[in-house]
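Guided by the hints, dock chain B onto chain A, whose structure is given.
Sequence order for the protein chains is A and B.
All residue numbers for the first sequence refer to the working numbering, where the first residue is 1 and numbers rise by one.
All residue numbers for the second sequence refer to the working numbering, where the first residue is 1001 and numbers rise by one.
Among the hints, a few may not be true.
[Unchecked claim] Mimicking DSS-like on lysine-lysine, the simulated pairs with C-alpha atoms at most 25 Å apart in a straight line are:
(1) B/Lys1925 / A/Lys315
(2) A/Lys131 / B/Lys1831
(3) B/Lys1054 / B/Lys1369
These are calculated hints, taken from the structure and not from any lab test.
The structure presented is a predicted model; accordingly, all values stated were derived computationally and were not measured.
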Amino acid sequence: MKKFKYIYALLMLCCTVVVAQQTPASKQSKDIAIVGATAHIGNGQVIENSIITFSNGKITNVADAASISVNSNTMDIIDATGKHVYPGFITSNSSLGLVEVNAVRASNDQRETGNIKPHIRSLIAYNAESKVVESMRPNGVLVAQISPKGGRISGTSSIVQFDAWNWEDAAIKVDDGIHLTWPNPYTFGRWWLGEDPGVKLSTNYTNQVEELNTLIKDSKAYLKGSKTTKNLPFEAMKGLYDGSQQLYIHVEDERGITDAIAYTKAHNIKNMVIIGGYEAHKVTDLLKANNIGVLIGHTHSLPNSSDDDYDLPYKMPKLLIDAGITVGMHTGNVSNFQTRNLPFYIGTAAREGIDKEEALKIITSNTAKLLGIDDRLGTLEVGKDATLFISEGDALDMRTNQLTHAFIGGRLISLETHQTELWKRYSNKYKN
Amino acid sequence: MIKKYLFAMLLMCTYTIMAQEHFPKNDGVTSKNTNYTAFINAKIYVTPTEVINKGTLLIKEGKVIASGSSVKIPDNAIVVDLSDKSIYPSFIDIYSNFGVKTPERQRGNRRPQYDAGREGFYWNDHIMPEQNAIDKFNFDNKSASDLKKAGFGVVNTHMQDGVVRGTGALIALTNQGGNAERILDGRSAQYLSLSRSVTSAQVYPSSIMGTTALLRQMYYDADWYEKGNASAKDRSLEALIANKGLVQIIEAGNKLNDVRVDNVGDEFGIQYVIVGGGDEYERIADIKATGATYILPVNFPKAYDVENPFLANTLSVADMKEWNQKPINPKTLADNGIRFAFTTDNLKSPKELKTNILKAISYGLDKTKALEALTTIPANILGKSNMIGSLKNGAYANFLITSGDIFEKETTLYENWVKGDKMVIESMSVKDIRGKYNANINGTSYDIAISGSLSKPSVKISSGSSSLGAKITYKDEWVNIIVTDVDASNKTFTRLSSRVSDTNNLVGKATSSNGNVTSFTANKTGKSENKKKSSKKDTTTPDIVPVTYPNTAYGFETLPKQETLLFKNATVWTNETEGILENTDVLIKDGKISAIGKNLNGRGAKVIDATGKHITAGIIDEHSHIATSSVNESGHNSTAEVSIEEAVDPDDIDIYRNLAGGVTSIQILHGSANPIGGRSAIIKLKWGESAENLIYDNSPKFIKFALGENVKQSNWGDNETVRFPQSRMGVEQVFVDYFTRAREYEALKNSGKSYRKDAEMETLVEILNGERFISCHSYVQSEINMLMKVAEQFNFKVNTFTHILEGYKVADKMAKHGVGGSTFSDWWAYKFEVNDAIPYNASIMHNAGVTVAINSDDGEMSRRLNQEAAKTVKYGGVSEEDAWKFVTLNPAKLLHLDDRVGSLKVGKDADVVLWTDHPMSIYAKAEKTIIEGVTYFDLARDLELRAAMKAEKSKLTKLMLQDKNKGLKTQPVKNSKKQQLHCDSE
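Chain B on its own, in the form it takes in the complex:
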């Protein structure tokens, strides 16, 4: 065994030495091979679109010399006749970690790590542009062989760890000549991702918006560093600057992140190549708008095992649809003119590639596009079109020889050549021995039937009426068969061996159980009955359910349209001086409130009888955490650089549920993990629209601040005592420090001198200049008072205190400062700092002249904010009209949106709700919830959507059961329960 190993090593060394022309030679004479190899009569795919029938491919010294239909074949050429066979450029995987071991996760310290663990590098450990895959590269024979069997000739490999991962290396999968031959480019691209490094426990970034903010700041810092402003060494930034000219490949991983990373790139003039998630078809218009080239995984989910109905019940329609629809992703991109390459990343083995690509093709993907995605496009992405991905003259001789169309199931891949180095996967010269034979051996007549695959056939042998146990091996032109004797009781065998010959018969020797050796001849009597039934493959086109917006439960096949609507005879809560109007009509037109009055006439309007019903402005939730992928960036005590706008999740079912509660606008706030939190996203709940379309146009700018137990990490566990601040005393100093620095920053920036652009400081300067407003999570009176004093010290106003549970203790000071209070109706007693929270808070603040809103901070409560407003009538006796403003006009004022929403006034956005009853009655339901004239929720339509979903689920269940019955593999059902996010959520 060891000997074998040594021999292999020696062989490799020999090759290495042979390959290096400038190396001294000590083991013999120079023996350079300058012969040509000519492949003739083949169907040659020079590129996916340039195909030569009966052509010649001429190669020499690992390169294509010529390809065409009239290539002159030199005398010193070895000629290979490939009649009926095809030649393709071999495949390229540009998102590989081939031969580059991903590091193991470091065992975490119990204490959190906030600072960088490295010296002389960037301040964030997850930024590692200085990493070079080539330095850690070790050729992996086993993986190379697997990849080559799947048709790959070249991979672009990289270290799959960290946010910035450094350079990749382009590797030819040849066994000849060692790494000197294999490495086509040691700095082929720079790789990035949205995942932290496993080698560092540094907390920042802990969220998607933290990661995108980190990338931005990194680019600012690189610019500053490049201009020579830094006084200290930063090897990461130096590497980043050096890698600027490379292709930038970023792993985004899903349709939402695709857009998020593209937005980052746009800001810095970088067009990333984006590694997608395979779900791009769900938001194809947004994906197209990125203008990016994509790298797509081809790991289509297996059907879920829905046999057990209890388990199947927990499966969501979204997951079922994903199974049904995901194979249309490549076709959808192709149809939309989006360029993409395929990667085997995420596949258990490259072996699965072909099956999955065939699946994509059966779902409508054009074969040429599929081939391009594996050859010319990856080559083009890397700027290596002249070297790889095609069989044009001068390109590397990386090609595949197949029995026919490479995207047919039955096609055999015979050989994979990389830089002229041949790997035989299936021998082309294998003689087809399949068929029926008859042989007479020692007086017994045997019927032998050989069938199955060409190189790995199977055998059935019978003698007379009894069928015998038999096994066949077929290798290197030798056929060996072992067969039980007719008298099975003896458990004895006869062994046959035969070397294939030119005749169709098998001629050889038979060794009987008693050791006698005789000659035998098995005469071919006919063709084998190959189970051609199976080749009657699934010609049925796949049954694909339609994509909806969002592609989840209660999504729309087509988005609802803006309408002209006339509500007749309603009780109208104007929130204006007109108050509550009985028997009044409301006309909605062009997305605006067009008229309010008696006996209105709306020509062409859809008339809705609202007799006995109430119409109000839509509810506005000042403090929400629904519809976001992430809530907190907890990695720093100030994260003013992050924005929830970069984390908006338009597919969250809680959007729909909120609509069903009459909510039309929300502020998605950053959480309360740090004194200076992140920037808000203020959105309208336009269910079905993209993230970008949810966000208000010209949105007022907001940021979350927080005080108290959460920011001093009181309830985070005993290990969390590292981060400043740990007391309310410290919280004040965080603010004073940051605002002081922001002033200095602004002064420096305005001075015209060079400065380091700092996203955090830019945000704080906006606050100081009254361009961005604070909504501050707050509980006890001391801290509330403190923040007002800090703001006054820096000459600005706090806009909103949110939660503000002890606001009633300082309501006079709040009124004087001019800050609003957005509070819970009746929450208290859940932590120490809310001991004195009282449900009368809203009424006391309101009576003291503070603008009061009632908020939710909770995906459940937000859909009952009408009831929460009603509680202020109970607790403190607020008038119903004022109480209603607590969830409509007042939050609009606090959000600086009252010129657009919050009341029913001609000219304002038609964000209205039709209620079945008095809107603050516990018995009231939202019947229609309308945003800008579009009905996004409707009780009657909700019932239709339920029925449609039920039908769709039973259809998909049927399809899954069919898959399982076909013998296809299934996976256990997924838990569809969603995690609810709150202020404290990570």
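Extracted from the complex, chain A is given alone in its bound form:
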């Protein structure tokens, strides 16, 4: 009896280990149709009572349900009447898969040492089996750009989807862009640490900007040469000049944004996106004139200054959208686990008076556009990846964000997680 118990315990343990991460779904083998749902296309449009079909991982139809008939013999049909379908939500500048537990240093791979390191690549450290990554899916967050942090040029990001065996499987776009943190024009004393509370023009700013100018000049010169002695950082800059990679400039303040735009123009860098942009609403004309989009910070944050409107972070998207800027969102400044609140960041933005479908674009088509993956993701349109989900209700509101199905590239993924398993285990414990 005792022995049996022991074996049973061992078995349980094994099971627990085995189910610690969800097994990636297999390829879509049969066509699927989702019928009757309200389809939020992601480009501002809505189709009530829609039909969406997909085949081999790609969307084949998006239409009014009345206009197309489906064959239940050749297709799996999901009746989603009364439910809502959304394109998979996309975030940017995330550390998901690079950090498992913030306070455990051994589990933290988001920051390499050094200052100029475009050659550092996030993708190869991305842990496709992270329990935190898995917990994104039940909320509809299915795709993210994973970026390295730290230093002036922190490295090269890649874009991944959240149901994979390994990073190669996960990759949607490899090495999509380089991340540059713009120098701060000001120095701020941390008065609570006894420092001079003064805000001053940084004496280093000019030098730091000049260092960035030099980097571009040096790497361009290098790339034209024979490259007999390889220079890894210079090599890694190549994509910026041939247009294959984007430059993501992390900058919050008005002057920094203005200077960063001048910098990219001076060096003829075409694909630049701003990450952050706390004061972007003050330079919307400039952004618009240069056709530059902003991946703004999440909305569940406090204003920077005691004098700012209490709701400034909430209404930031509205301020930019009203000015005609393409607004996406980044979650580089939240703990990884909070990234699953991405839809609620948008719901909060919508309460400030943006049309809900317009707000939805922030984490669907707009972010896809700004990340350069809008050919595959971001909307429910024919030809795009069938990366989408069905929710019981409005996915931007926590009460109704209840997923019944989620697909990545047509594959029906599990919505279970480490957390749902513990939930079930302990709910059962108390059921007598």
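Same frame as chain A, but now just chain B:
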């Protein structure tokens, strides 16, 4: 050079010997000077309020013999005629560190120091009543001279280091007679502060509430020691006891600390003299209520440099207002009948004193009050009114001779006498040589114009149409002028020298560039055109923006009033058996919920149409760290003696932001730095009220406990391995140990035998007796279970587990124990111990019968607790009605406040929120947040406040730019970004 120095030394020695009458004399005959000096025809300020016109001041041997209008002048008197001049008692600075060097900060050890570094003294290194400034005193000639030039005659100096700093010494700034003459009192006062000593790295106290708690315990310990209960020697306590009779001067440093230290003093019958921060005008009613006398700094901030708009944008309206308003501080205290003295402490140099006092006067401070603050009040504080601060008979002859009103810009301070020792600052006999002259020297005619100050004039010389380079020096009755020759190409000079005479002309010799010396006479032709324009001084009264409550962004000029309000046709979330009522009215009256029902009629009520809107009870956050100056006292593993009530900060902008999120009550918990933390402050977010008015009346008593990684310092860095406990095993023993000792303490106390009062033990006894409740920071199931078992062992119940992220694993045990769970909605993965935290926690605990609340521990999340509650609907399917109770009624229950708040029930406090939408919808906004019938947040008024602030900021910016254009100095703008405090915050 060395010779000079030796000579000076010798001189000083001579004086020293001369002054000491009981010393043997070996260098000559006795030559005691018993002459009188009589100052006649002066306007004499005997005291600021007793002024004699054309009076006589008679002094002898360093003391005032008589002052009055008909003083008989003895024959052996030297008579000084001071017609048109004034005599004032010289100033006193009673918060000085003159001649007492503050020690250098010790280079810290990498390992933290928890125990005292001294032996035979108090258990805390920062308590140093045994320190005596006099032992470390060295007369500092340079500083003395600077102070005397600013008008000071006496300073009370002390060692500016430590929480208790020991005795000060009253020093006369005389150069005559050495320290024997200078030291008026070697034990003049005892000094205290809220700052740690730089000489010790002992961690405790690390917070404001730790410091006030330390002071309390120190007084308890002194009482116990004085009664002879101690078996070991404690030189600090002995000194403290010996210093009891002295005036107690404590540096508080700002308006909030002023009140905090006064509260400590009240408990022990000590009325401290409080060194304030100059911001007292912002909470003047509270300051008045302390009944204390204040010592005020007069360092008014310079305007901020707002030329660069990017930089100027980071400046907060609070800092701008501080610049604009701070000079009204002395006037505001005076208007409120609060006594105060001035100190030069915090000034870069005593030189700045006059400018700043003139500024305060131009902002409305009465000159008599200003003079009192520098003379009679400091003297009175020290109980030395008969000696200093006035020119009454018998007082020391410490006085100033001025050309007139000492608080006028143009007035010259001629002489500063200390104990009859004269220091000439500006000679009274300087002949006024200013004017226009003409001289003919070697055939060249010169027009000479001398202007500027009396003793340091400037000169302009021209010859014909060409103006020449010229320089003048005027010293000891000799005028020397150097002037370039008319033919400038030669770069040659003529030098003039003249001794002033009775005539108005300058007569002397001219040395030309070729070395020839001739006589010259410069005849005075007229008065100099002194730029009288400048004396058309700023007569414009300063433009002062109104003080608001709090005096920050979004403050109120007048606090909003309680109203009778009738909300019509709302969806009402009662949290009672009635559930959610549609199309229902709510009447609020006298701060209470007066009626809930259909078609209510509130006579005289302000009617608010709430159609399509929702009304709920205000949100209650069980776990908050906003509105406090400090969160953790991390200096000991148990700090039950500290209370966040002593650290409440009513000016925190997060109060306003929380109101905008529908929050009306919060528990400000101590942090999680130690297993037994500090006591809570439970407050209502009455934005604008004082700290004391925020705290609940008859507040339930709570204390923070903590478990796990934080208390065993897992994430504090590799050096933090000294403090017990370092493991969960140790954490249990901390509790067992403290509760065991608390029982023994109580038994001893009840036995009637003498005992040492221990604030920590008193608190723990309250827990054991069910009078104080624990809210315990907790994560993993083992430790949760452990604390319940410890409590059961000591026959009490844990009230609340806060965070309680693995509560779902022991929900059955929690229900059985009867403890509540106050948890995060969805936090996890930020540290090792939250790996198994799940967002379903609330629902599982709720289903198991535990009273569940959702808390924030975060100033951002707290303003969206309605959304956090909604997450429990998503994760685990809690009903909306129950989910809403997680942030209202349930935290009220956990805080033992559900008889007053947490639901909409007739008779309960009218703490309600009007929502634009379903309160748990992500699209809902709090439209009005009301506490006890007072609307503290209102969407429409918020817009008005924004507009008003914008206008005020542009006005203040304009004023600052005007200051800069006037040539006044500015300072760089300050960073207004605030530090957010959490559980782990230091």
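Quick rundown of the hints versus the structure:
no.	hint	verdict
1	B/Lys1925 / A/Lys315	13 Å, holds
2	A/Lys131 / B/Lys1831	14 Å, holds
3	B/Lys1054 / B/Lys1369	23 Å, holds
In terms of the numbered hints stated before, the structure departs from none.
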